[in-house]
Amino acid sequence: MNWAAIVGSAVATYLTRSLPFALTMRPRLPAAASRYFEALPVAIIAALVGPAVVAPGGALTHGAEPLAAAAVVAMVVWRRSLLAGVIAGVAAVALLRLV
Amino acid sequence: MERTKDRDAARLAMGEGWPVLGTTIVVGTTFGVVARQAGLEPLEIAAMSLLVFAGAAEFVMVRLFTEGAAAPLVIATVLFFNLRHLLMATSLRPHFMRFTLTRRLAAAFFVTDESFAMATRHFRRGGTSLAYYVTFAVALFVLWNLSTLAGIALGNTIGEPRRFGIDFAITATFIGIVVLAVRRPADVAVAVVAGAIAGALALAGASTIAVITAGALAPALALLARK
Numbered sequence: 001m002n003w004a005a006i007v008g009s010a011v012a013t014y015l016t017r018s019l020p021f022a023l024t025m026r027p028r029l030p031a032a033a034s035r036y037f038e039a040l041p042v043a044i045i046a047a048l049v050g051p052a053v054v055a056p057g058g059a060l061t062h063g064a065e066p067l068a069a070a071a072v073v074a075m076v077v078w079r080r081s082l083l084a085g086v087i088a089g090v091a092a093v094a095l096l097r098l099v
Numbered sequence: 001m002e003r004t005k006d007r008d009a010a011r012l013a014m015g016e017g018w019p020v021l022g023t024t025i026v027v028g029t030t031f032g033v034v035a036r037q038a039g040l041e042p043l044e045i046a047a048m049s050l051l052v053f054a055g056a057a058e059f060v061m062v063r064l065f066t067e068g069a070a071a072p073l074v075i076a077t078v079l080f081f082n083l084r085h086l087l088m089a090t091s092l093r094p095h096f097m098r099f100t101l102t103r104r105l106a107a108a109f110f111v112t113d114e115s116f117a118m119a120t121r122h123f124r125r126g127g128t129s130l131a132y133y134v135t136f137a138v139a140l141f142v143l144w145n146l147s148t149l150a151g152i153a154l155g156n157t158i159g160e161p162r163r164f165g166i167d168f169a170i171t172a173t174f175i176g177i178v179v180l181a182v183r184r185p186a187d188v189a190v191a192v193v194a195g196a197i198a199g200a201l202a203l204a205g206a207s208t209i210a211v212i213t214a215g216a217l218a219p220a221l222a223l224l225a226r227k
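Quick note, the sequences are listed as chains A and B, same order. Per my numbering, the first sequence starts with residue 1, numbered consecutively. Per my numbering, the second sequence starts with residue 1, numbered consecutively.
Hints listed in this document are in silico derivations from the structure and should not be mistaken for laboratory results. Any given hint might turn out to be false.
What the hints assert, rightly or not - Taking CB as the label site, the calculated pair distances span:
1) A:Trp78 to B:Ala196: 15 to 25 Å
2) A:Ser34 to B:Gln37: 20 to 30 Å
3) B:Arg125 to A:Ala32: 35 to 45 Å
4) B:Gly39 to A:Val77: 42 to 52 Å
To be verified - From the structure, some residues in chain B lie toward chain A, with a derived Cβ separation under 8 Å:
5) Asp6
6) Val34
7) Met48
8) Leu51
9) Asn82
10) Phe96
11) Asp113
12) Thr171
13) Thr173
14) Pro185
15) Val190
16) Ala194
17) Gly199
To be verified - Which stretches of chain A does chain B cover? Using the computed rule of at least three CB atoms under 8 Å from a CB of chain B, they are:
18) 31-37
19) 44-57
20) 61-75
Glycine residues also receive a C-beta, built at the ideal position from the N, C-alpha and C atoms.
Construct all of the structure, not just a fragment, from the sequences and the given hints.
Below is the structure:
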């Protein structure tokens with residue numbers, strides 16, 4: 001029955017989103033832990049990127065995505081602009097996939 | 001004063017977020033089409049986007065439904081797939097704790113890969129207004145649901161979005177956010193290692209746990225680096 005699965009999945013997903021916000025205790029973090037948490041956001045976002053670049057659609061990339069990713073990095077380092085990077089990346093991947 | 005700041009933050013969120021929001025429309029429409037073609041009822045598909053609201057997990061659910069998977073298996077898979085939200089909410093938490101529990105619990109519903117990444121960028125450059133997150137996250141929710149409905153209505157094949165590279169806009173945005181967030185050499189190491197671990201796990205077929213594993217392991221590198 002799909003409805004039980006849908007409602008159950010909704011509850012499970014909400015729990016993963018809300019638990020850290022629900023806890024009100026405010027632990028005093030040791031220096032090592034705060035350095036870990038400082039690095040956490042970048043690590044998560046980079047971890048989202050990895051599969052999309054190496055295995056788009058679940059299969060090994062033909063090379064378009066890693067090259068386009070390099071183009072994004074170069075463009076953002078050069079222009080310091082998110083939008084410039086996105087335009088470069090989309091254009092690069094569209095062209096490279098034609099090859 | 002506070003209100004002007006909120007309005008500016010909201011405008012900034014739309015100004016910076018539109019490539020991601022535009023991609024969301026394409027992916028959401030694709031989701032509606034794919035789910036409809038897989039034989040799911042329109043009401044079920046709409047409920048998935050409305051209640052679960054997790055793009056990648058919703059595609060996985062469609063595949064599991066077509067394979068006739070039992071509800072507990074579907075729920076467990078979705079749970080593992082979305083465990084990464086625990087990390088994201090933990091990371092966002094300090095910026096939200098000055099708000100009431102009710103507001104925090106409402107904000108939590110809208111935590112997605114995209115809203116987390118955009119909000120992180122805003123907070124990292126010193127932004128304090130919650131309006132940036134709320135504006136972007138709610139816009140994403142509305143567009144995701146509207147485009148799901150559009151996909152259900154279309155029901156049959158639309159153009160393959162991959163061919164035009166539109167699907168890459170979200171990935172490119174994330175890459176840009178990481179590059180702009182780098183402050184020390186250690187940040188580069190953490191980002192590269194996180195991306196590599198997650199990519200390797202996805203290739204090995206462990207995509208449900210790729211992001212949570214890589215996201216939790218890679219920051220340990222920051223402990224090795226000298227300040």
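Hints, one by one, checked against the model:
no.	hint	result
1	A:Trp78 to B:Ala196: 15 to 25 Å	holds, 24 Å
2	A:Ser34 to B:Gln37: 20 to 30 Å	violated, 48 Å
3	B:Arg125 to A:Ala32: 35 to 45 Å	violated, 25 Å
4	B:Gly39 to A:Val77: 42 to 52 Å	holds, 47 Å
5	Asp6	violated, 20 Å
6	Val34	violated, 13 Å
7	Met48	holds, 6 Å
8	Leu51	holds, 4 Å
9	Asn82	holds, 5 Å
10	Phe96	holds, 6 Å
11	Asp113	holds, 5 Å
12	Thr171	holds, 4 Å
13	Thr173	holds, 6 Å
14	Pro185	violated, 12 Å
15	Val190	holds, 5 Å
16	Ala194	holds, 4 Å
17	Gly199	holds, 3 Å
18	31-37	holds (count 4)
19	44-57	holds (count 14)
20	61-75	holds (count 5)
Of the numbered hints listed earlier, those contradicted by the structure are 2, 3, 5, 6 and 14.
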